[in-house]
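Participant: Here are the chains, one letter per residue:
4 protein chains.
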Amino acid sequence: MSSNSFGTLFRVTTFGESHGPGLGAVMDGVPAGLSLSEEHIQKDLDLRRPGRSSLHSQRAEPDKVKILSGVYDGLTTGAPIALLIENQDARSDDYKSLQDIFRPGHADYCWQEKFGLRDWRGGGRSSGRETVARVAAGALARLVLEAANIKVTGIVSEIGGIKADTGSSDWSQAREHPLRCPDEQAAAEMKAAIETAQKNGDSVGGVIEVRASGVPAGLGEPVFDKLDARLGAAILSIGAVKGVEIGDGFALARTKGSSSNDLMDPPGNFRTNHAGGILGGISNG
Amino acid sequence: MSSNSFGTLFRVTTFGESHGPGLGAVMDGVPAGLSLSEEHIQKDLDLRRPGRSSLHSQRAEPDKVKILSGVYDGLTTGAPIALLIENQDARSDDYKSLQDIFRPGHADYCWQEKFGLRDWRGGGRSSGRETVARVAAGALARLVLEAANIKVTGIVSEIGGIKADTGSSDWSQAREHPLRCPDEQAAAEMKAAIETAQKNGDSVGGVIEVRASGVPAGLGEPVFDKLDARLGAAILSIGAVKGVEIGDGFALARTKGSSSNDLMDPPGNFRTNHAGGILGGISNG
Amino acid sequence: MSSNSFGTLFRVTTFGESHGPGLGAVMDGVPAGLSLSEEHIQKDLDLRRPGRSSLHSQRAEPDKVKILSGVYDGLTTGAPIALLIENQDARSDDYKSLQDIFRPGHADYCWQEKFGLRDWRGGGRSSGRETVARVAAGALARLVLEAANIKVTGIVSEIGGIKADTGSSDWSQAREHPLRCPDEQAAAEMKAAIETAQKNGDSVGGVIEVRASGVPAGLGEPVFDKLDARLGAAILSIGAVKGVEIGDGFALARTKGSSSNDLMDPPGNFRTNHAGGILGGISNG
Amino acid sequence: MSSNSFGTLFRVTTFGESHGPGLGAVMDGVPAGLSLSEEHIQKDLDLRRPGRSSLHSQRAEPDKVKILSGVYDGLTTGAPIALLIENQDARSDDYKSLQDIFRPGHADYCWQEKFGLRDWRGGGRSSGRETVARVAAGALARLVLEAANIKVTGIVSEIGGIKADTGSSDWSQAREHPLRCPDEQAAAEMKAAIETAQKNGDSVGGVIEVRASGVPAGLGEPVFDKLDARLGAAILSIGAVKGVEIGDGFALARTKGSSSNDLMDPPGNFRTNHAGGILGGISNG
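Chains R, L, H and Y are the protein sequences, given in the same order.
In terms of the numbering used here, the first sequence opens at residue 1 and continues consecutively.
In terms of the numbering used here, the second sequence opens at residue 1 and continues consecutively.
In terms of the numbering used here, the third sequence opens at residue 1 and continues consecutively.
In terms of the numbering used here, the fourth sequence opens at residue 1 and continues consecutively.
Simulated from the structure, these hints should not be mistaken for laboratory data.
Predicted, not measured: the structure shown is a model, and the values here were computed from it.
EDC-like cross-link-like pairs, simulated, lysine to aspartate or glutamate; straight-line CA separation at most 16 Å:
#1 K191/L - E176/L
#2 K66/H - D44/H
#3 K66/Y - D46/Y
#4 K256/L - E195/R
#5 K96/L - D73/H
#6 K191/R - D202/R
#7 K96/H - D73/L
#8 K163/Y - E184/Y
#9 K66/R - E39/R
#10 K256/Y - E195/H
#11 K256/Y - D202/H
#12 K256/R - E195/L
#13 K96/Y - D73/R
#14 K66/R - D46/R
#15 K256/R - D202/L
#16 K256/L - D202/R
#17 K64/Y - E38/Y
#18 K151/R - E209/R
#19 K256/H - D202/Y
#20 K66/H - E86/L
#21 K66/Y - E86/R
#22 K163/R - E189/R
#23 K64/Y - D44/Y
#24 K256/H - E195/Y
#25 K96/R - D73/Y
#26 K66/R - E86/Y
#27 K66/R - E86/R
#28 K66/L - D46/L
#29 K163/H - E209/H
#30 K66/L - E86/H
Modelling step: build the complete structure from the supplied sequences, incorporating the hints.
Facilitator: See the structure below:
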C-alpha cells in the first residue's frame, strides 16, 4: 500500500535505498515563483552529512543534490520538484554478513515478515539514510515557511541521560556545534558519553527539542488533522523515534489544571505556554 | 479544509457539536458480512457516559445510538455505516456566559481566530463530547479487529501524579472500575486526588496505557505511514492529549542501545519489548 | 475500501440506502460564515423529488432534509455539516421479488459478487435514490460557488434520440419545466417518447448539458487533477452515466486542429469555445 | 496544490518538463517480489518514442529509462520504485519564439494565469512529453495486472474522421503498426489524412479504443470510486482528451432500455456488453 508520501496541499514523496542507485524526493504543491537553487538544499545536506566528526557514523558521502524538475530560470514553476541524491559510497559488501541475520532494534525482521524478501544492504529502504531525502525536502519546506515568516529551529536537548539547559541558552549558535546542543557544558558531557559508548561498541539515546516562531493563530484543522496530530505523525515516522511531547507534554499529567492552563490577558496575549502553542489542535499564535 | 476523516481503507468521518442536534460518524470501508447491532455500539457508549459517578463531569445524557445505513438484516453490507447520537441534555443556556469569554486551556480563542466565529455552546465542535462519535466508531473498529483476533485494551495508569502498577495487575477487570485503573490501591488514591481537586474547583491530569495483543507481524507501512506514526496521530488528535510514547518511549532516550534493543532467539521470538512491538514502523508480532 | 467520499478541500461523504432508515451527506471543508438554512437545501430536493408528474418514477417521498451539525445561528461554523433525509415511503415489500433475481442493467449482480451479500430492497446503496444525498450536497456546494460568483446550470439536451436546440434557447426557464429542457418543441416530443416507452414497459436514454459561468482562469491542477478529469470522474460516478464530453468532445476527433483550436485576440479573449473553457486541464476564464 | 499523483493503494507520482533535466515517476504500493528490469519498461518507451516514422512529431530522443529505487536483485521489494528518463534532445532554442506568445489549444495561457509564470520551453510541464512518465509507469502497472491475469489492449479506432472496423479486426498485430490501427484499409486512409494535414501545417483528431480482458467481477467501489469514474478521470487527465465513453457510451442515450440492458442467462453469463462490463461502477466479469 502506498505510504511514501506525506501531506495534502504540500505533499512530499520520497524514494530510495541505502545502497541502491540513489535517494530522492518529489515535492508537489510548492507555490510558483519561489527562488530555489541546488545550493540552498545542499547547505542542509552538508549539515546532515555523517562522517564529519568522530561522533557520527563513518560513512563518507558527498551527498550532492540535483534538481530534476519544477525549477526554471531559478524560480519554482508550480510543477512538482524532483530531487535526486545519487549514492556513491555504497559499499554493500560491508553488509554481506547481514544477508542472513536480523539486526536487533532494526526493521530487518519486520520487513522480511511483511514483504517476504528484503534489500539487506545497509537496511535498504529502512536505513537511517532515508532521512537524506527528508532533509532535502525540509530545505524546500523551510523556503515556503520563510516566505510566511515562520521559523523552525531544532536542537539536541538530551543525550545519554545528560540534559541540556535549553531554556536559558542561546539556540542561534547550536547549528554550528557538531552535536547541535546550545548548552556548551552539557554538550561536552554528551560528547564524552557518546565516546564511552562507542568504545564499548554501544550506543546512546537522545531527545531533540523543536521550536517554531512566527506561527500565526489558526493553523491546524479540527478534528483529525489537529496541528499536534500532524506534527506528531511526522516526527514518529522518523526511524527510532519512540515518543513525542507537545508543550509540557507528560509533565502536564502531573499538574493541576489551575497551573497548566495558559491564561490570556488580554485575549491573544498568553502569559505562559504549557500547551506548546496549540489549543484544540489549532495554533494560538 | 476537510479534516474530519481518519483512515484510508477503513475511514471514519465524524460530525456534530456539543449542543447541536446530534453527533455522529460515517464509517466507510467496513467489510461486508459482519454481524452488527445497535446494542453492540451502545455498550461502549454506556461505558463512556458521563454523570454516572461523582468522579465524572455531570452532564446526564442517555446517548442512544441509531444506525442510519450500511446494515441490513443484522449484517454489514459493504456500504458506509452512518451512526447518529442525538443530543438531549443540551442546556446551552448554562453556557451563555461563555459567549463573550475565551476559556483558558480550551480551543475557544483559536477557533475564533481561525474561523471568525464560533459555536460557543459548550465548546461546540471542539467539546470533549466530540469523542462520543469516536467511541461509537471505535466499537465498530473493534468488531473488525476481533474478526482478525486482534484485541486492544486500555487502562488508566496515572492520575494526579499517582502511578498505578500496570505491569503486575490484572487488566481484565479494569473496565468495570469507574476509573478504569487495574491497581486497586492506586485507584483509591486517584479517587481522593480527583475529589480534592473538585473541591478546589480544579482538575488533574492523567496518563493512559494501551496494549494490543494478537497483532500479526507486518502491520504498518514504511515510510510515512509507520504503525507508530498513525497510532500517534490518532491519539494526539484527541483533545487535551499532549504526549505519546511507544514502548518504553522517552525512557529509551536514557538507555544504552545494548539494553534497549529487543533481542530475538530464535528470530521472531523477542525476549523483551522495549520497542512496543514496532520496529521500523512495522509490527513485529 | 472507503469510496463514499469525493473531494479534497471540500469533501462530500454520502451514506444511506433506498429502503434503510435514511440517506445523508457530511460536507467537510465548508468555509465558516456562510448563511445556510434547511430551506435552501429543501428547494433543490423538491425539484429532484420523483412522483410529481406522470413522467417520473412513482415513489412519493416528502424528502425533508434536516441539518444535524455545522450550522449555528444560521451560519456555517467551519465544522462538518451533516444532512439527513429520512426514508418514509420505503415499501420494501414491493421489492421482495428482487430478493432472488438480478435485474439487468442494475448493480445487483456485481454487488453480490463483490460483497457476497446485498441489500436487495430497491437496489440498496446502488439505488438511484443515492442521488438525493448528492442533490443536498450540491445545494451546499452551489452556495460556496455563488459566494465566488460561479454559476452552474444544467439542462436536458436529448431524450430518446430527440435533440434540443440548446444553443439558441433560453436556459433560465428550464428549471421550471418538468423535463428541464429549454427547447419547448423538443420537450414536447421528448414527453411523447417517454410516454410511449412507459406504455411499452420500456425506458429511454438521454443526455444532459451543463454550463458554468463566472469561472475564473486558473482552476484545475496539472497533471492528474485536471479540471476536466475531476469533473469527468464526478459525472461518471453517477449511476447509469456512460459518457462524458468536454467542450465539443468527440466532435473534435473529426475536426482539424486549425478549426478546433480556440484563438485568442487579444490574449485571454477567446473567440470560440471548442475546448469547453479548459486547456491543459486548467480553466481559461 | 499537490496533483501529480494518481491512485490510492497503487499510487503514481510523475514529475518533469519537456526541456528540463528529465522526466520520471515514483510508483508506490507495488507488491514485493515481482520480476522487474529496465528492459521491460524500455520496450514500452520505445513504442511510444516519436520520430520513428514520418507520421509522428519529429523530436528524436533515445528515452532511456533508469530505475533509481525499489528493485533489488531483479525483484521489486515493496519500496517505492522511482524511474528517471533524462532529456537529451532538449533544443529549447527552437521554442524561444514561444516565450512571448500563447499557442492556441495549449495550456500556455492558463498556466501563466494560474501560476504567474511558466516554463515556456516546449510547453514545460504541460507538454505532451509528460506522457513519457505515464508510459513508464504503465509498463509497471501492466506487470501488476498481468500477475492477476488482466490484459489491457488499446488501439486507434478513428483518425481524421476515418473509422476503423474495430469489432471484426484482429487487435493482436496493431501494436506493430505505426498507427496502432488493426484495420489495415482504414489505417492506410488515416495515414493519407495525416500526411495531407501535415502538408497544410494542420493536424487531425482521433479516437482510441481500449479493452480489458480477464477482469474479475467485483472491481470498482461504489459510490464515488466507481470503476468507470476512476478510468474516466485517468483518461481525461491526458492532455487533449476531450471525451470518454464506457461501453456503448453516448449511443446508449439513443437506445431503449429494452435493447441496451445486458441480459444474463444464467446469472453471470452476459449475452451482450452494452455497458462496457461495468454495472453500478463495479465490474461484472
